[in-house]
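Letter by letter, the chains look like this.
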Amino acid sequence: MAYSDKVLDHYENPRNVGVLDKSDPNVGTGMVGAPACGDVMKLQIRVNEQGVIEDAKFKTYGCGSAIASSSLLTEWVKGKTIEEAGKIKNTQIAEELALPPVKIHCSVLAEDAIKAAIADYQTKAGTKGSKADAA
Amino acid sequence: MKKPIYLDYSATTPVDPRVAEKMCQHLTPDGNFGNPASRSHPFGWHAEEAVEEARAHVAALIGADAKEIVWTSGATESDNLAIKGVANFYGKKGKHIVTCKTEHKAVLDTCRQLEREGFEVTYLDPEPNGLLDLEKLKAAIRPETILVSVMHVNNEIGVIQDIAAIGKIARERGALFHCDAAQSTGKVPIDVNAMNVDLMSLSAHKTYGPKGIGALYVRRKPRVRLEAQMHGGGHERGMRSGTLAPHQCVGMGEAFRYAKLEMAAEIERIRGLRDRMLNALKDMPEVYVNGDLERRVAHNLNMSFNFVEGESLIMALKDIAVSSGSACTSASLEPSYVLRALGRNDELAHSSIRFTFGRFTTQEEVDYAAALVKEKVAKLRELSPLWEMHQEGVDLSKVQWAAH
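Chains Y and D are the protein sequences, given in the same order. Letter by letter, the first sequence follows residues 1 to 135 of this note's numbering. Letter by letter, the second sequence follows residues 1 to 404 of this note's numbering.
Honestly, the hints are just simulated from the structure, not real lab data. This structure is a prediction, so every number in the text was calculated from the model and none was measured. For each residue, glycine too, the CB sits at the ideal point set by N, CA and C. Be aware that one or more of the hints could be misleading.
Claimed, not checked - Pairs of lysine-lysine residues, derived as DSS-like cross-links and limited to a Cα-Cα distance of at most 25 Å, are as follows:
1. D/LYS379 / Y/LYS22
2. Y/LYS115 / D/LYS398
3. Y/LYS6 / D/LYS318
4. Y/LYS57 / D/LYS379
5. D/LYS95 / Y/LYS6
6. D/LYS95 / D/LYS105
7. D/LYS318 / Y/LYS22
8. D/LYS92 / D/LYS168
9. D/LYS92 / Y/LYS6
10. Y/LYS57 / Y/LYS124
11. D/LYS3 / D/LYS221
Unchecked claim - Distance windows between CB atoms, simulated:
12. D/ARG142 / Y/ALA36: 23 to 29 Å
13. D/PRO14 / Y/SER4: 28 to 34 Å
14. Y/LYS6 / D/ARG225: 35 to 41 Å
Whenever a hint applies, use it, and build me the whole structure from the sequences.
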């Protein structure tokens, strides 16, 4: 299968590979996919007090398109608010990377990953918030 | 060293230059270009001589008589002709066929078609090492079983089935025995009589001959009958009509002649290369060899690199030409059905790479490939959340995954 130059670039030089501290209350972690399906993405974001994503890291088990989709996503979400990041659509990722039809699911997984990371962050933040409210 | 390095000899082999040279003598106006079915002039007679000489070489490699060889377009056609031909001819006697889940798609899909036509097919599970349990085979054969079809060497994992024993079991129970030997010619000695084979599919392009030609061995004593699947001028004793391609026949014949002459020495050289690769890789953490290592052809190494996905590994290994699963199915996203049939879990099936070595593989190439594999697996594991979890001691089988 022929990969686009952008997929190859992200695959060969993946951006923002790594891990953020899961226990940090400002870090949201999203892990989506399943080994049996051939891809698992772990995406982490660190959100500052203004709700802006300061840092993003990923690790991905999957094909080149899955790795490229998650690498691209980390680049895109940095500097965005969580609201803006939550609006990123898989079609934008697929278009940017020129993914072939059989690889569209990789971009879907990336969209799921950022949504899961945001949800995790909000749950943590919400827990803090509700405690404050209850008090 | 030329790159990419070709380590996919089970997908196809290059034509041996000695074979190609001989083939070229059967094409052009100053060559032997006639139609072997032309009876009225020397162009036809000479072409027929060349085709018959080639037929004898093919027969010799498998211990058959030249009269028992039917030319086809390749092993897929041979499998179709053997299985459908037997089913159509002997269908009145019984409508049951026994085969194995790890057969090539040319056998499995042909059987599926026969099921749609009213035949019943038993697909046996292999043991975890890839080999058939002969007791399970015996139990599966019934009075109405007309055909048993089991491949000699598996294309993905290279394991060698006990063909002689399987053939004996089939014969004792009155069923015909078809064996797909596309992957075993020139790799394992073959004797259709000692192995009790009634029908055998052969391919030229896995044994340094050209693509586009194969053959079907059809036993004459006792005579095995087939219903033709290709009708026309009645070539090949009515079993397969169509003008023969003498350059292709000669290519296959010449390739098989060299295979017979050089096999013994070649296998040992290639085994040395394969073992060199295995020794270089086997001490890495979480790597598994798929399929039995002892009852296996010398040129195959199929390994799973746990926590690394196969397609991305192949992408990382762009300087070496290898395959994940088999080339015939690698366009799909499904993990290898052969590895699944061995009971390998999906992760390990997704992580498998097949390295196959051959006549033109050098030690320098093997050393380069082994170093590259080690480097890239380590790099991809750094990228892999599964490797990270494994390092942290998480049992991945206990994790609730969001399957998609």
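Cross-check of the supplied hints:
1. Of the pairs offered as hints, the one joining D/LYS379 and Y/LYS22 holds, with about 23 Å between alpha carbons and a cut-off of 25 Å not exceeded.
2. With a CA separation close to 24 Å, the supplied pair Y/LYS115 and D/LYS398 stays within the 25 Å bound.
3. Between Y/LYS6 and D/LYS318 the CA atoms are separated by roughly 17 Å; this keeps the pair inside 25 Å, and the hint holds.
4. Of the supplied pair hints, the one linking Y/LYS57 and D/LYS379 holds, its CA atoms being roughly 16 Å apart against a limit of 25 Å.
5. For the suggested pair D/LYS95 and Y/LYS6, the alpha carbons sit about 54 Å apart, so the restraint of at most 25 Å is broken.
6. About 21 Å separates the Cα atoms of D/LYS95 and D/LYS105, which keeps this hinted pair within 25 Å; it holds.
7. This hinted pair does not check out: D/LYS318 and Y/LYS22 have alpha carbons roughly 35 Å apart, beyond 25 Å.
8. For the hint linking D/LYS92 to D/LYS168, the alpha-carbon distance of about 23 Å falls within 25 Å, and the restraint holds.
9. Taking the CA atoms of D/LYS92 and Y/LYS6, the gap is about 60 Å. The hint is violated against a cut of 25 Å.
10. Of the supplied pair hints, the one linking Y/LYS57 and Y/LYS124 holds, its CA atoms being roughly 18 Å apart against a limit of 25 Å.
11. Only pairs whose Cα atoms come within 25 Å are accepted, and D/LYS3 paired with D/LYS221 is rejected, the gap being roughly 49 Å.
12. The beta-carbon spacing between D/ARG142 and Y/ALA36, approximately 36 Å, falls outside the hinted interval of 23 to 29 Å.
13. Between D/PRO14 and Y/SER4 the beta carbons are some 30 Å apart, a value that agrees with the proposed interval 28 to 34 Å.
14. One distance hint, 35 to 41 Å for the beta-carbon pair Y/LYS6 and D/ARG225, is violated here, with the actual separation near 59 Å.
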